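What follows is each chain in one-letter form.
There are 2 protein chains.
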Amino acid sequence: MKNILLASTSTVYGSSYLEYLLAELQLHFKNCNTLLFIPYARPGGITHDEYTAKVALAFAKINIAVKGIHEFENPVEAIQNAEGIFTGGGNTFVLVSQLYKNQLMEVIAQKLKSGTPYLGTSAGSNIAGLTIQTTNDMPIVYPPSFQSLGMIPFNLNPHYIDTDGTANHMGETREDRIKEFHEFNSIPVLGLREGSWLDIKGDSIVLKGNLKARLFRQNQQAEELESGTDLRFVK
Amino acid sequence: MKNILLASTSTVYGSSYLEYLLAELQLHFKNCNTLLFIPYARPGGITHDEYTAKVALAFAKINIAVKGIHEFENPVEAIQNAEGIFTGGGNTFVLVSQLYKNQLMEVIAQKLKSGTPYLGTSAGSNIAGLTIQTTNDMPIVYPPSFQSLGMIPFNLNPHYIDTDGTANHMGETREDRIKEFHEFNSIPVLGLREGSWLDIKGDSIVLKGNLKARLFRQNQQAEELESGTDLRFVK
Numbered sequence: 002m003k004n005i006l007l008a009s010t011s012t013v014y015g016s017s018y019l020e021y022l023l024a025e026l027q028l029h030f031k032n033c034n035t036l037l038f039i040p041y042a043r044p045g046g047i048t049h050d051e052y053t054a055k056v057a058l059a060f061a062k063i064n065i066a067v068k069g070i071h072e073f074e075n076p077v078e079a080i081q082n083a084e085g086i087f088t089g090g091g092n093t094f095v096l097v098s099q100l101y102k103n104q105l106m107e108v109i110a111q112k113l114k115s116g117t118p119y120l121g122t123s124a125g126s127n128i129a130g131l132t133i134q135t136t137n138d139m140p141i142v143y144p145p146s147f148q149s150l151g152m153i154p155f156n157l158n159p160h161y162i163d164t165d166g167t168a169n170h171m172g173e174t175r176e177d178r179i180k181e182f183h184e185f186n187s188i189p190v191l192g193l194r195e196g197s198w199l200d201i202k203g204d205s206i207v208l209k210g211n212l213k214a215r216l217f218r219q220n221q222q223a224e225e226l227e228s229g230t231d232l233r234f235v236k
Numbered sequence: 002m003k004n005i006l007l008a009s010t011s012t013v014y015g016s017s018y019l020e021y022l023l024a025e026l027q028l029h030f031k032n033c034n035t036l037l038f039i040p041y042a043r044p045g046g047i048t049h050d051e052y053t054a055k056v057a058l059a060f061a062k063i064n065i066a067v068k069g070i071h072e073f074e075n076p077v078e079a080i081q082n083a084e085g086i087f088t089g090g091g092n093t094f095v096l097v098s099q100l101y102k103n104q105l106m107e108v109i110a111q112k113l114k115s116g117t118p119y120l121g122t123s124a125g126s127n128i129a130g131l132t133i134q135t136t137n138d139m140p141i142v143y144p145p146s147f148q149s150l151g152m153i154p155f156n157l158n159p160h161y162i163d164t165d166g167t168a169n170h171m172g173e174t175r176e177d178r179i180k181e182f183h184e185f186n187s188i189p190v191l192g193l194r195e196g197s198w199l200d201i202k203g204d205s206i207v208l209k210g211n212l213k214a215r216l217f218r219q220n221q222q223a224e225e226l227e228s229g230t231d232l233r234f235v236k
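Sequence order for the protein chains is D and H.
Take the first sequence: its letters are residues 2 to 236, numbered as in this note's numbering.
Take the second sequence: its letters are residues 2 to 236, numbered as in this note's numbering.
In short, the hints are calculated from the structure, not lab data.
Be aware that a few hints might be false.
For chains that are exact copies, the list does not tell them apart, and a pair is met inside one copy or across any two.
Calculated lysine-lysine pairs in the PhoX-like style (CA-CA distance at most 25 Å, straight line) [unchecked claim]:
(1) LYS180 / LYS102
(2) LYS55 / LYS180
(3) LYS68 / LYS213
(4) LYS209 / LYS3
(5) LYS102 / LYS114
(6) LYS236 / LYS68
(7) LYS31 / LYS55
(8) LYS31 / LYS209
(9) LYS202 / LYS213
(10) LYS202 / LYS102
(11) LYS209 / LYS68
(12) LYS180 / LYS62
Given the structure is predicted, the values throughout are model-derived calculations rather than measurements.
Please model the entire structure based on the sequences and the hints provided.
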């Protein structure tokens, strides 16, 4: 039975790394003494070691020891043996390329289906959807595929924002971009605002946090969903 | 000798489609009675016909007849026979996928090297760089490669904007994203603000319009370049 948290962001404005989620994470990882961290998304290009140290600092507050997957000789075994897994944000293309390179995509999917608790933030949440095609990130590396873990039957758009840029900027808004996605794809997309997360327990997919989320479906009007909504109906 | 205009955007705030460029385009395409339009980027998912009609309306003002490449049975021949070429904006991934599908990338590159006047706006400018890895667009389709025409020895970031979103949004700024690109790639990137364009004549690559452009190079401080600067030094 799946046991997965997918957060829009690791950090909300005015608060430290993972701070707003810590109480939730304490419950989520209550049976874990150790956590396997996947630092592959390398936000701002920081090293795997630097990123893992940052995460370890946050999880020390709830007495969970963190080890980066790059510290293991065999990453496949590291996944298989993990008590809990966290994939941090950064660049989704870099993350997915590295997951494919190390042949981890299927291994992680199997592991999560077996009930190992998982946390994703930003890019780490993005990869839980069917594809990474609704990421906000720049395609700074070329991955072998845009397919991802498929832990939910739709795609996510993390860091969802109602307008982009300044009012007189002619670039597309986030909503424009997601609508464009639906000109070419039928997969539903959930725009997850910063401070929101999905709590997946088995088949239920509940929207958590104080904010609404915005659901986009092909050929339908976008819809605002209240916190507490079970999204299992979205397919 | 190359004869290429690469604009950040087709449309500046408060003005109609291509309006701010029309005087320049009249000069640029002065020897053309007809223009071949590449509508593949399909902004907002509009059809090739709809997009071509919009472009035809703008070019009618300077007495140039426009035909979409999709109207030709053989798109390779359409390129080879074109008097002038315009690739419009939209989604860069969709555009590049279609160019590869129709085996046009190399044909267009050769044609432009021979001196056929070209205009690109937004995605149509992006593809003139070495790769599309600094596009702002969502990866809504999976192209066979991120390599593009290589008409300039660097990459472009069209619609460059100094800040993204609202001040308390935690998503990356445009500058953050380009810096992240340089953690993994050495290709220089020019952030081209809306209202700026590059005027390429042979080896010279002159920044035009009223605004500065922002040049990013790996392991160097970003730099503001004045309008009128010849960018041939950027490699």
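The hints, checked one at a time:
1. Taking the shortest Cα distances, LYS180 and LYS102 sit within 25 Å of each other only across copies (23 Å), while inside one copy they are farther apart (31 Å).
2. Taking the shortest Cα distances, LYS55 and LYS180 sit within 25 Å of each other only across copies (20 Å), while inside one copy they are farther apart (36 Å).
3. Taking CA atoms no more than 25 Å apart as the test, LYS68 paired with LYS213 passes in neither setting, with 34 Å inside one copy and 46 Å between copies.
4. In the homo-oligomer, the alpha carbons of LYS209 and LYS3 lie at most 25 Å apart inside one protomer (17 Å), although the nearest pairing across protomers, at 55 Å, exceeds that limit.
5. When the C-alpha separation of LYS102 and LYS114 is checked against a cutoff of 25 Å, the pair qualifies only within one copy, where the shortest distance is 22 Å, while the shortest distance between copies is 37 Å.
6. In this homomeric assembly, LYS236 and LYS68 never come within 25 Å of each other (Cα to Cα): the closest approach is 35 Å inside a single copy and 40 Å across copies.
7. Within a single copy, LYS31 and LYS55 get their C-alpha atoms as close as 21 Å, which meets the 25 Å cut-off; across copies the closest is 59 Å, which misses it.
8. Taking the shortest Cα distances, LYS31 and LYS209 sit within 25 Å of each other inside one copy (19 Å), while across copies they are farther apart (59 Å).
9. Taking the closest pair of Cα atoms, LYS202 and LYS213 come within 25 Å of each other only inside a single copy of the chain (20 Å); across copies the shortest separation is 52 Å, beyond that limit.
10. With identical chains, the CA atoms of LYS202 and LYS102 are never at most 25 Å apart, being 29 Å at best within one copy and 42 Å at best between copies.
11. When the C-alpha separation of LYS209 and LYS68 is checked against a cutoff of 25 Å, the pair qualifies neither within a copy, at 27 Å, nor between copies, at 51 Å.
12. For the homomeric pair LYS180 and LYS62, neither the shortest alpha-carbon distance inside one copy (41 Å) nor that between copies (31 Å) is at most 25 Å.
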